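J.: In case you want the letters, here they are:
Number of protein chains: 2
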Amino acid sequence: MSKGITSRKENYSQWYNDIVIKADLAENSGVRGSMVIKPYGYAIWEKIKEQLDKMFKETGHVNAYFPLFIPKSYFTKEASHVDGFAKECAIVTHYRLKTNQNGEIVVDENAKLEEELIVRPTSETIIWSTYKKWIHSYRDLPILINQWANVVRWEMRTRLFLRTSEFLWQEGHTAHATAEEAIAETKQMLNVYAEFAEKWMAMPVIKGSKSESERFAGALDTISIEAMMQDGKALQAGTSHFLGQNFAKAFDVKFTSKEGKEEFVWASSWGVSTRLMGALIMAHSDDKGLVLPPKLAPVKVVIVPIYKNEQQLEIIRKKVSEITDRLKDKNISFKFDDRTTYRPGHKFAEYELKGVPVRLAIGQRDIDNGTIELARRDTLEKKIYDIAGIEVVIENLLNDIQDNIYRKALKFRNENTYKVDTYEEFKDIIKNKGGFVMAHWDGTPETEAKIQEETKATIRNIPFDAPEEDGKCIITGKPSKRRVLFAKAY
Amino acid sequence: MSKGITSRKENYSQWYNDIVIKADLAENSGVRGSMVIKPYGYAIWEKIKEQLDKMFKETGHVNAYFPLFIPKSYFTKEASHVDGFAKECAIVTHYRLKTNQNGEIVVDENAKLEEELIVRPTSETIIWSTYKKWIHSYRDLPILINQWANVVRWEMRTRLFLRTSEFLWQEGHTAHATAEEAIAETKQMLNVYAEFAEKWMAMPVIKGSKSESERFAGALDTISIEAMMQDGKALQAGTSHFLGQNFAKAFDVKFTSKEGKEEFVWASSWGVSTRLMGALIMAHSDDKGLVLPPKLAPVKVVIVPIYKNEQQLEIIRKKVSEITDRLKDKNISFKFDDRTTYRPGHKFAEYELKGVPVRLAIGQRDIDNGTIELARRDTLEKKIYDIAGIEVVIENLLNDIQDNIYRKALKFRNENTYKVDTYEEFKDIIKNKGGFVMAHWDGTPETEAKIQEETKATIRNIPFDAPEEDGKCIITGKPSKRRVLFAKAY
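Line by line, the protein sequences are chains S and L. Residue numbering for the first sequence follows our numbering, beginning at 1164 and increasing consecutively. Residue numbering for the second sequence follows our numbering, beginning at 1164 and increasing consecutively.
By construction, these hints were calculated from the structure, which means they are not laboratory data. Hints should not be assumed to be uniformly reliable.
Any copy will do: because identical chains look the same in the list, a pair fits if it lies in one copy or spans two.
Capping the alpha-carbon separation at 20 Å, the derived lysine to any residue pairs in SDA-like fashion look like this [what the hints assert, rightly or not]:
{"id": "1", "residue 1": "K1235", "residue 2": "A1274"}
{"id": "2", "residue 1": "K1412", "residue 2": "P1202"}
{"id": "3", "residue 1": "K1491", "residue 2": "T1321"}
{"id": "4", "residue 1": "K1350", "residue 2": "K1362"}
Note that the structure is predicted; figures quoted are calculated from it, not measured.
Could you put the whole structure together from the sequences, leaning on the hints where they help?
T.: Listed below in structure tokens is the structure:
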């Protein structure tokens, strides 16, 4: 433990909060349920955005921007959609303040909107009301649009990154001529999310379909990626929805097919949010602070000088500039922390806390010997290397750290995933061990609800790669063809 | 004229609107005063963002994110600030909808907020309430933060990009130990904006101070860049504010100086918005459509095949792939438009409308001759070149187009800028010619108001580079030391 971080064992939830606060990622604001994303946290989010945006563009998508406010009447056009979101939305009712007789600033009742505006909790309705104007013929399809935006879902109990009233996200909204195409898009984007989670966040995920009761409000099918956190709980890290023709019907969006027939358009939508920051933190970090996969670290290498006086520091600066020139050539981001206001020990703790993957320390004696001390954040191992060629060592090490973090998370997940055939065992594991439980389920919402009520575990998804096998529901004993993934979840 | 664009001469305002709509940049939404930024318009905005973000980071700034909602009480802490923004804000009063007895979806009166939330029109108040927690000592300073965000200012009369209720922007908010540092920051960022406007948007700008009556609500000094549009009107393209200690005092943000004294913190803020899109369009475009400076064009080169049959198209495709490989090597973005659903003439008009800087057309005969036809969008000139080395021609031409567009805009501004010494002449120019008028002013808000009332011209700014000279106010005859810039403005 350093800088007063609670250990995971002692209090997992407090540990998480300590890391968010002490690694300078985010904090609560004076606005109920809204967070401030601090520069270091935002720099990680920028890395996430940059890579996802690249992957979206590589798969043919373009960005656009739609209004923040949604007229109430749009919102109510898709029945299950409004049911799903009506309870948690911020509503704009007025457009002016005024000074009253007592000199107080109050809402001007003369500036009441005729129709209330909902602050978008998601943009299907505003976007499909727009697509109606854009889509007439099969030549106008497909539309492959993504939006980076803020959304608001009123939350009573909030947690930094994991559940906040306002959060940042991307939402893809696509329109297609056929169901097959829309379904293929839905799957493609889940694969993009899974690839990003595994290769960039170093976080293994399980792809699968949500059960009916966990579907997005307005979707025919929701598929998700689910990751395991270090307390054994699941975190839904991304969802992709096949919306069928629901929104096209609600907004009367039709196209003329090649054959000259009028048909409703097919749709998908998909999104990931700043929640990924929470997943990233909880998947890898330890009791010393954040552990970042190098690919998402804003600074990959920090260099700390060890010196007795300004003269030594000057010599070190020169040597370091040779090293950083070579890091620049290799496009490896770095920071040389030559602040004189803090001692090396303080700096070491700070960068451990912030999860910088590689730390170099260099003093007069190192320079004399032509060596440098390197510490890797994931294992906390220290080793002495020659300064000559250190950039190659670092380049390889960064790949190694990326892989190691992934392997560690995968090993943890495997060790905490259980195949279970009785409800007794199920309850015991959920209650006493935590983790993922693969069990047979009869496919009914009733059984699902009963399990949730009694154990707080929910069906995370029905994994695509679960093998077909004959089994019996752990509750009702009815036949089941494949195991589904149960866990407690964030 | 093409595709039914109104000419500038006929109706400048309609011409602007036609370009925005027909070049697929943006459109009005069903939400009062809010626009939809379409993919092509958003791609240009992404180029703008990318370059500005780079320049902000090069000058030591980092990004962060603060809440969308601002409690009313924060808003009212800085008196002139609330005066400036109270009349144009969206107010959230409730957080839930419900279904009433008639089955209608209505606002749930039981979910009324105790304190109303203002949708941010700008973020000084929420940010300074946060800085209070971050700033204690001189070691915590400076804070150099920028935010990319959406903001809302309720507008009664809106125009796409130029004035919309919701718009996208960046807002820098910096905190400093001394007034000098904050003033230097304010100037530095105006210089960044000016450099961006001139080198990237190819739009000459005049830097100067706003008069007192045009200052940002809460600032001690506002400085701006002003550009001339093709109708002779001015458009304020960016502002930077020296906020003094106003917000620090309103939110009680103090720091302990090196000398151990407690002092209030000094501040700057600065911003540019999607309004720049309007400036970009109006500065350069012509009666055929958008004209884009190459540096901000999402696609720099479009290649249109001219073919009689699929066999010819196949031969052209092969030749084009040689050319595009060489464009890729030079990092020049391109699009090969081999759609068979449209004829070349249609494509030519479309890319003229969309302002693609360079258009190549290639047919069987060109391939036989080893040549290709190149048209540049800015001058509409066409010329035949050898295919060999065409990528070098294009590379040079793109620089040339960028320069040419800038020179053209500068020439236009020079030709439409007048030094005026009498009010008669002033009125005549403002009424009959339009353009910028440099005239002496006695420095009083009364004179400024009189001129605005009688001519609709306002003081755009007091240019930094206006030479000192003895003169007399055109209205009152009182002495003046330098001319100020008057114009009608967007």
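J.: First find the shortest C-alpha distance between K1350 and K1362 inside one copy, then the shortest across copies, and answer within, between, both or neither for a cut-off of 20 Å.
T.: within (18 Å within a copy, 43 Å between copies)
J.: Please sort K1235 with A1274 into within, between, both or neither, judging by C-alpha distance up to 20 Å.
T.: Both. Shortest intra-copy (17 Å) and inter-copy (16 Å) distances satisfy the 20 Å Cα cut-off.
J.: How would you classify K1412 and P1202 at a CA-CA limit of 20 Å: within, between, both, or neither?
T.: neither (43 Å within a copy, 24 Å between copies)
J.: What label fits K1491 with T1321 when the C-alpha limit is 20 Å: within, between, both, or neither?
T.: Neither way: K1491 and T1321 sit 41 Å apart in one copy and 47 Å across, limit 20 Å.
In this structure, the hints that do not hold are numbers 2 and 3, in rising order.
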